[in-house]
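Starting from the known structure of chain V, fit chain H onto it as the hints suggest.
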Amino acid sequence: MIKKRAYSILGFLFLGLVESLVYGLYGYEILTFFFMALIFIISADLIMLNSSTFKSMKMLKVKRKMGKSEMRKGENIKVDLFFRNESRRTLNFVYFDTLLDIFHLEGDYTSKVKIKPGETVHKTYYISPQAIGKYNVGPIKVIANDGLGLAFIEFYSKKIDVAKVAPSAKDVFTQRSERVSNLRFTTGLHISRKAGQGYDFFGIRQYNDSDDMRHVAWNRYNIYGNDDLFVKEWEEERHIDVIIAMDYSEGSNIGYGSSRLYDFLVSTTMNTANIILKNQDRVGFILFSSDHQVYIEPTSRKDSIEKLQREVSEIRPSGTFAIDEVNKYIKNKVRKNALIMVYASPGYGKFKGSEDKRYLKSDRQEYYYIIDPQGFYDTPDSMVLREYEVSLIKFERKAIDISVKAFRSFGIVARDVYKEKLLATTLSDYISGRNENRGA
Amino acid sequence: MKRDTVYIFITNILIMLPSISMFAYDFPKEYHYWDYLWYLFFILPVLKYISPTRIRRLIYPLSIIIILSYVLLSELIQLYRVSFFLSNYFYVDFSSQNITVISYTISSAVAFPFIVEGIMAKTPQGTIGYLIASSTSTIYFITALYLVSLFHGSLSSNAFFYSYNITGYLIFYNLYLLASQGNEFITLLIRPSPFIENLLTVTFMISIIGLIARLYLQNQEINRQPLENMAYPIFYGSIIALAVTLLLGKLSFTYYGILLMAIFLIATVVIARHGNKKDNYEIGDME
Numbered sequence: 001m002i003k004k005r006a007y008s009i010l011g012f013l014f015l016g017l018v019e020s021l022v023y024g025l026y027g028y029e030i031l032t033f034f035f036m037a038l039i040f041i042i043s044a045d046l047i048m049l050n051s052s053t054f055k056s057m058k059m060l061k062v063k064r065k066m067g068k069s070e071m072r073k074g075e076n077i078k079v080d081l082f083f084r085n086e087s088r089r090t091l092n093f094v095y096f097d098t099l100l101d102i103f104h105l106e107g108d109y110t111s112k113v114k115i116k117p118g119e120t121v122h123k124t125y126y127i128s129p130q131a132i133g134k135y136n137v138g139p140i141k142v143i144a145n146d147g148l149g150l151a152f153i154e155f156y157s158k159k160i161d162v163a164k165v166a167p168s169a170k171d172v173f174t175q176r177s178e179r180v181s182n183l184r185f186t187t188g189l190h191i192s193r194k195a196g197q198g199y200d201f202f203g204i205r206q207y208n209d210s211d212d213m214r215h216v217a218w219n220r221y222n223i224y225g226n227d228d229l230f231v232k233e234w235e236e237e238r239h240i241d242v243i244i245a246m247d248y249s250e251g252s253n254i255g256y257g258s259s260r261l262y263d264f265l266v267s268t269t270m271n272t273a274n275i276i277l278k279n280q281d282r283v284g285f286i287l288f289s290s291d292h293q294v295y296i297e298p299t300s301r302k303d304s305i306e307k308l309q310r311e312v313s314e315i316r317p318s319g320t321f322a323i324d325e326v327n328k329y330i331k332n333k334v335r336k337n338a339l340i341m342v343y344a345s346p347g348y349g350k351f352k353g354s355e356d357k358r359y360l361k362s363d364r365q366e367y368y369y370i371i372d373p374q375g376f377y378d379t380p381d382s383m384v385l386r387e388y389e390v391s392l393i394k395f396e397r398k399a400i401d402i403s404v405k406a407f408r409s410f411g412i413v414a415r416d417v418y419k420e421k422l423l424a425t426t427l428s429d430y431i432s433g434r435n436e437n438r439g440a
Numbered sequence: 001m002k003r004d005t006v007y008i009f010i011t012n013i014l015i016m017l018p019s020i021s022m023f024a025y026d027f028p029k030e031y032h033y034w035d036y037l038w039y040l041f042f043i044l045p046v047l048k049y050i051s052p053t054r055i056r057r058l059i060y061p062l063s064i065i066i067i068l069s070y071v072l073l074s075e076l077i078q079l080y081r082v083s084f085f086l087s088n089y090f091y092v093d094f095s096s097q098n099i100t101v102i103s104y105t106i107s108s109a110v111a112f113p114f115i116v117e118g119i120m121a122k123t124p125q126g127t128i129g130y131l132i133a134s135s136t137s138t139i140y141f142i143t144a145l146y147l148v149s150l151f152h153g154s155l156s157s158n159a160f161f162y163s164y165n166i167t168g169y170l171i172f173y174n175l176y177l178l179a180s181q182g183n184e185f186i187t188l189l190i191r192p193s194p195f196i197e198n199l200l201t202v203t204f205m206i207s208i209i210g211l212i213a214r215l216y217l218q219n220q221e222i223n224r225q226p227l228e229n230m231a232y233p234i235f236y237g238s239i240i241a242l243a244v245t246l247l248l249g250k251l252s253f254t255y256y257g258i259l260l261m262a263i264f265l266i267a268t269v270v271i272a273r274h275g276n277k278k279d280n281y282e283i284g285d286m287e
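Protein chains in written order, with our numbering: chain V, 1 to 440; chain H, 1 to 287.
Extracted from the complex, chain H is given alone in its bound form:
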């Protein structure tokens, strides 16, 4: 294996660590409720990488079509009470009263291919994209799980469905408030679980280091830059980010928090973009 491939693989694991740890936290709690069909999500990335190059890119689109067709058929069969010799296999239901925990666990099962793809991604932007995609569904499920424990319920009880639905409603409500009011909706559930919080803090820190390492090592192939060239951007960037995050915490109940953060971010990006040197610049001749 090439040296490049090894460091890309290792740094990708570091970048994806938050998602990996969240999935590792989720999975032992919910795998009892997984349908055996969901385990096919574990096979998908493997299938992709062992299949011939020509059909490799078709694996995920085909899988999405098959899964959506299966869900649609299940819904139709449940809705119209159709009965035929295979109808017992189409039981995934999101619409009727007979909804089960199995139907929900699909959302965290989907995270697995995203995590694998994030680790295998060849570009840093690809890895970040998969990190965001995979953390979306895992955080959702972690939150739902925490709410279940608050309600003293279990995954098989109605408490799970309420928790899951409340999580969804709160997310949509928060999104609506962000767009219309410009501030976040703060609830009493502001500190869900110290363990998760610590886990996320540590893994996201490692993830930042992973991304910087990934970009730095990739750059070494083109031009070896000393570490001190990177130290200043990391130092200044972290200080400003910390200051803005603290400011956001202080102003979290107000409209100004998001506004100030947006101003800071946009100003920084505009300065970076404005100073962009595009053309060739002349350098002097030595006497």
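Bound conformation, chain V alone:
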């Protein structure tokens, strides 16, 4: 492609040529030669790029070899690039491998290459994914330009590799805070129990007419000297089902670098799920948007978490999200009683007013968390832009507050949650929910 610079240089040279013809009157033919020579040199340069260089470049062969296609977040994967010159000319070009900004790159992912006829050049670089999902690596773009830098031709290799990025092991257990630690300390002490029939002794209480005589605690008879009868109570352990539904729409695809909402939601979900599993409860997941509807059934083992890891490494957030749609989906899919926790993005999680009111309220205990956008935007260098960003976040937060109030008016336990407090809030709600046997 001929650059604008070439056209403007040629334009000025033609202007100069006309001027030289006017002044040629006084014998300054050198002026005419000067402008004409430059016009012809530049034109010849462009013609040669588009003819001989183009033909030679078409004979270049490229290959990419990835260390592995399934990887974990933060892992370093080696990528080898090979270029072979099958033409008769020495080729000079610039190449780059097309990669998303979720990859940290090191090495020769872009470089200048000089390659002699028949020679093969090997370049190596390393990719380190910073977010979960399925991403394309490639195509390799090769750019050849002319000697004077006035035009270039782009070539590409069709081969595209796929990188499936699963959450890293450290994502599952790394979120720590004093509050979360306290919750973790009490883990297991609050196993859901139901007083009544069971195997474990729970306590004694005064006898009433409906009680079975078999359960009378005779050793407590007449303990206060007033012929009172007491009965033994037994308890049974009950496991609750917790289902964490995540907004996997475009709304979750916010953030930068290693701080992306969908990635954060998945890692928080896995943290929560691990604690719930330790508590001997079952946990299941839903990834929901208009494009993705993934339901992972609750299990009391780590199968569901591993399945979630596989699922999130195959897809990327897309489509739209609405609370009534997710509730409708839950109603159809989840047969048993369960504690439902819905993580919604600030974009699609807000109350719109157009929701189907029948599905606004779930028949199960549901907690609805709208994530605050703070922490998912890059801090700009400019003070003006920073102020602008702060005011935008404030505006967004106000809209979320209004939505939370609107959802609460429908009986939904809705919360506006900061990024840092999501895990602690979820666990608090889980503990209070299970203490009241809501998901059993």
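These aren't lab readings, by the way, just hints derived from the structure by calculation.
Please read all numbers here as calculations on a predicted model, not as lab measurements.
Don't be surprised by glycine CBs; every beta carbon is placed ideally from N, CA and C.
Among the hints, erroneous ones may be present.
[Unchecked claim] Pair by pair, the computed Cβ-Cβ distance ranges are: (1) I55(H) <-> G11(V): 28 to 38 Å; (2) G275(H) <-> L105(V): 30 to 40 Å; (3) Y281(H) <-> S318(V): 23 to 33 Å; (4) G11(V) <-> D279(H): 16 to 26 Å; (5) L227(H) <-> E387(V): 45 to 55 Å; (6) G107(V) <-> Y281(H): 24 to 34 Å; (7) D80(V) <-> E228(H): 27 to 37 Å.
[As the list claims (entries may be wrong)] Which bits of chain V does chain H cover? Going by a derived footprint, with three or more residues having C-beta under 8 Å, they are: (8) 36-47; (9) 50-56.
Chain H in isolation, oriented as in the chain V frame:
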């Protein structure tokens, strides 16, 4: 100073060398006749580059407005013989019989800011533009000076005014002939001064080298290209340009000279434009 800035500065000087040399030739001959106001043209580029960035781009437009206002006021004062305590300072005149050499020297003084801007320009097209703009006024004055010497006159005599005016008339006549007849108007003054001709030949050659060097070095930042890739375009381009220039010289009295040159140039540019590869092109995978 960055390496890029240094080579841009050096190559710009090479590109602007014809204008610089012509100005250097002009200036010692005419500076006696310069009005002190014309020296303000030397200050303008300096003023531009030392002024704050916010007002930097306003320097030249403001200067043009002030100069044109000054010339207009001078004309009005001279025309209507207005007299007041500052009227003596408004003496530049292009219209009345009292015209002086001072009024004409403004045209070569204007070239100075163009030369400085050409040297400081960040783009090669900008430098070429300033080269054309600055060489226009300097060549005009050089020609006028040569005609004065032919008339055995001096800059202060009427010979200068005749020379200056004849130069202008001939330029306009030549432009008219180019547009209407398609050929140049050839006079007996075809070889004005061997010194100037040699000076221009050498400096324009250096200028060509400067422009190629400028484009080549700028390209090195993006992709290092070997010199041999440039050698063929330079060789072929120069050969064709030489052939067409000689052809133009041979056919200078006829209509065909300009026609043939136009055909050559347009054909070359059309071929270059037609072969332009716009889209992405696929390259093969290695086995």
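Outcome of the hint check:
no., hint, result
1, I55(H) <-> G11(V): 28 to 38 Å, "30 Å, holds"
2, G275(H) <-> L105(V): 30 to 40 Å, "35 Å, holds"
3, Y281(H) <-> S318(V): 23 to 33 Å, "31 Å, holds"
4, G11(V) <-> D279(H): 16 to 26 Å, "25 Å, holds"
5, L227(H) <-> E387(V): 45 to 55 Å, "52 Å, holds"
6, G107(V) <-> Y281(H): 24 to 34 Å, "26 Å, holds"
7, D80(V) <-> E228(H): 27 to 37 Å, "30 Å, holds"
8, 36-47, "holds (count 12)"
9, 50-56, "holds (count 4)"
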